[in-house]
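Colleague: If you're matching them up, the sequences are chains L and U in order. Just so we're aligned, residue 1 is where the first sequence starts under my numbering, counting upward by one. Just so we're aligned, residue 1 is where the second sequence starts under my numbering, counting upward by one.
If you are wondering where the hints come from, they were derived from the structure by calculation, not from laboratory data. Some hints could be false.
Note that identical chains are pooled: a pair holds if it fits in a single copy or bridges any two copies.
Straight line, CA to CA, 20 Å or less: simulated EDC-like cross-link-like pairs of lysine to aspartate or glutamate [claimed, not checked]:
1. K98 with D25
2. K98 with E306
3. K79 with D118
4. K21 with D41
5. K76 with D152
6. K98 with D88
7. K21 with E135
8. K98 with D215
9. K79 with D95
10. K191 with E207
11. K56 with E297
12. K21 with E218
13. K79 with D25
14. K21 with E250
15. K98 with E310
16. K76 with D215
17. K98 with D309
18. K191 with D171
19. K191 with D152
Chain residues, written in single-letter form:
2 protein chains.
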Amino acid sequence: MINVAIAGYGNLGRAAERLVKVQPDMELYGIFSRRSELDTDAKVFSLDSVAEHADKVDVLLLCVGSATDIPEHAAKLAKLVNTVDTYDNHAHIPDHVKAMNEAAASGGNLAVVSTGWDPGLFSLNRVLGAAVLPEPTQTTFWGDGVSQGHSDALRRIEGVRRAVQYTLPADEAVEAALAGNGGQTGPQAHKRSCYIVADEADHARIEQEIVSMPDYFEPYDTTVTFISDEEFEANHTGLPHGGRVITTSELAGGQAIEFRLQLASNPDFTAAVQVACARAAVRMNADGRTGAVTILEIPPYLLAAESLDELIAGI
Amino acid sequence: MINVAIAGYGNLGRAAERLVKVQPDMELYGIFSRRSELDTDAKVFSLDSVAEHADKVDVLLLCVGSATDIPEHAAKLAKLVNTVDTYDNHAHIPDHVKAMNEAAASGGNLAVVSTGWDPGLFSLNRVLGAAVLPEPTQTTFWGDGVSQGHSDALRRIEGVRRAVQYTLPADEAVEAALAGNGGQTGPQAHKRSCYIVADEADHARIEQEIVSMPDYFEPYDTTVTFISDEEFEANHTGLPHGGRVITTSELAGGQAIEFRLQLASNPDFTAAVQVACARAAVRMNADGRTGAVTILEIPPYLLAAESLDELIAGI
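Work out the full structure: start from the sequences and follow the hints.
Modeller: Here's what the structure looks like:
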């Protein structure tokens with residue numbers, strides 16, 4: 001059994017806890033947190049005490065934020081144990097790989113970095129699609145799903161009591177991409193749909209502020225729907241997301257590769273990929289590999305609980 | 001530059017030839033064939049002479065049939081050079097892996113086996129989907145596409161002059177799978193659509209023979225359309241195919257992973273995967289790996305022409 005520990009207990013950490021418990025080959029060692037009281041029946045340890053437990057933990061899932069926690073803590077932890085993180089700041093991933101590579105290697109550990117779905121399974125499918133189809137045209141669509149950043153922007157408008165923003169792929173752009181005319185980005189490829197709870201007297205002004213907000217909404221086909229508090233509570237408190245990567249090639253005469261995710265819960269799915277990568281981290285490290293790796297470097301069979309022979313029998 | 005040679009010059013070999021020529025990091029060494037006259041400007045060598053060229057060939061694409069050629073020739077060739085094959089007899093893949101593993105290892109070579117799309121990219125996505133989603137329900141749909149075996153069965157009916165059979169996924173089964181109610185197979189999940197050229201006097205009898213043919217058509221929702229020779233020539237001589245792998249999980253609360261291919265030409269796409277795997281074969285062998293591997297064992301970045309650093313920068 002693989003002893004898995006979790007650092008951080010927000011949406012991602014709680015999802016990881018549920019998922020580790022249902023794996024046939026994993027046991028939950030405990031949760032490392034800055035808080036001492038967590039609503040869990042798992043063992044809880046201080047985030048400062050990882051070093052004391054390192055010899056009993058096979059892999060630590062870093063379920064902490066990409067904005068400040070990963071840059072501050074991840075490398076220190078990778079010196080102590082094998083880690084899997086979901087660092088998602090695309091522009092800084094090369095620097096993150098470098099920092100984690102040095103830290104993990106110095107401790108004889110393996111760090112799987114920037115897993116999840118994007119970066120993660122989407123990255124993998126972009127690489128696969130482009131490797132297979134010559135001179136590829138590639139388009140990534142996000143949605144249907146909640147954008148946290150855009151929802152925050154809505155909530156900063158005066159008079160908005162509750163708000164959520166769904167990003168939707170534009171149907172015409174998806175069809176064009178599948179037909180070989182891809183490459184759309186941003187407002188060409190996506191629409192924005194906002195659900196707002198606010199006093200009726202403010203509706204007209206709020207809608208005007210939203211659709212004229214530069215960068216966030218103004219360039220997009222944006223719809224605003226005002227709903228009641230009850231409807232918001234009933235239908236708009238989840239964190240669904242999803243998207244697709246479409247690769248086509250003129251040189252390959254209209255072939256299309258599409259990878260699509262429909263995620264009922266964004267953090268649950270991110271955690272699911274992270275848990276599968278934990279298995280690979282332990283196996284690769286046991287095989288002598290140290291430093292940092294992305295999902296692009298993991299032989300896929302190492303993600304599965306089954307043996308390679310079992311997988312090949314069902315290939 | 002990677003020196004790539006091709007064994008066999010049917011649909012698959014010709015597609016591989018075109019694709020090798022457009023790769024930035026490959027050169028076509030030549031084509032090994034049982035025939036001495038081929039309609040190509042590449043160098044042509046006898047299939048019996050691979051040993052004489054082995055030190056100049058980095059990898060040999062085995063573009064020969066799975067029924068008899070691969071079982072007869074593949075292991076002998078894998079002793080001489082790195083190989084990539086598209087052996088697609090699912091039930092016998094474990095035996096094929098074993099035979100190729102022994103042969104390739106004895107020659108210090110690497111054999112990538114059973115690549116293409118199914119087995120191949122579909123196998124990879126079945127493993128990825130099941131590794132990520134706990135207690136997965138998984139459904140593979142084939143089509144829209146030409147089934148060679150079923151087209152052959154049509155052509156054996158008396159009076160049929162030309163015939164093609166398209167396999168189509170049943171829309172209801174696809175929707176059910178995406179909604180988490182997957183697991184359909186065979187006639188539950190697929191329809192069959194036949195296009196036939198025949199004398200009008202034979203139409204009624206031929207249609208009756210088709211829809212009552214056991215196993216092939218009788219259990220399926222089968223439609224038969226009689227068309228003219230001209231229409232057949234204009235619209236039904238290609239080899240399109242495709243399909244999708246859908247994975248869902250109740251434990252992950254309605255998450256869905258879908259991998260979908262729309263292939264304008266089945267052999268062209270199979271060759272495209274084979275060519276990408278050729279890159280991995282050479283790199284893994286240069287790194288000391290010998291024996292046989294499936295696509296499940298290849299770190300995905302080895303399939304791409306770009307360096308790992310370039311790929312990570314675009315992750």
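Colleague: Now look at each hint and say whether the structure bears it out.
Modeller: Each hint, compared with the structure:
1. K98 with D25: neither (30 Å within a copy, 27 Å between copies)
2. K98 with E306: between (31 Å within a copy, 19 Å between copies)
3. K79 with D118: neither (26 Å within a copy, 41 Å between copies)
4. K21 with D41: within (12 Å within a copy, 60 Å between copies)
5. K76 with D152: The answer is neither: 31 Å in one copy and 63 Å across copies each exceed 20 Å.
6. K98 with D88: Within one copy only: 15 Å inside a chain, 40 Å across chains, cut-off 20 Å.
7. K21 with E135: between (43 Å within a copy, 12 Å between copies)
8. K98 with D215: Neither: 32 Å inside a copy, 57 Å across copies.
9. K79 with D95: So K79 and D95 pass the 20 Å test inside one copy only (17 Å; across, 43 Å).
10. K191 with E207: within (16 Å within a copy, 48 Å between copies)
11. K56 with E297: Neither: 26 Å inside a chain and 29 Å across chains, both beyond 20 Å.
12. K21 with E218: Answer is neither: 45 Å inside a copy and 46 Å across each miss the 20 Å cutoff.
13. K79 with D25: neither (25 Å within a copy, 38 Å between copies)
14. K21 with E250: between (46 Å within a copy, 15 Å between copies)
15. K98 with E310: Close across copies (14 Å), not inside one copy (35 Å); limit 20 Å.
16. K76 with D215: neither (37 Å within a copy, 62 Å between copies)
17. K98 with D309: between (34 Å within a copy, 11 Å between copies)
18. K191 with D171: within (9 Å within a copy, 27 Å between copies)
19. K191 with D152: Answer is within; shortest intra-copy Cα gap is 17 Å, inter-copy 47 Å.
The structure does not agree with the numbered hints 1, 3, 5, 8, 11, 12, 13 and 16 stated previously, though it agrees with the rest.
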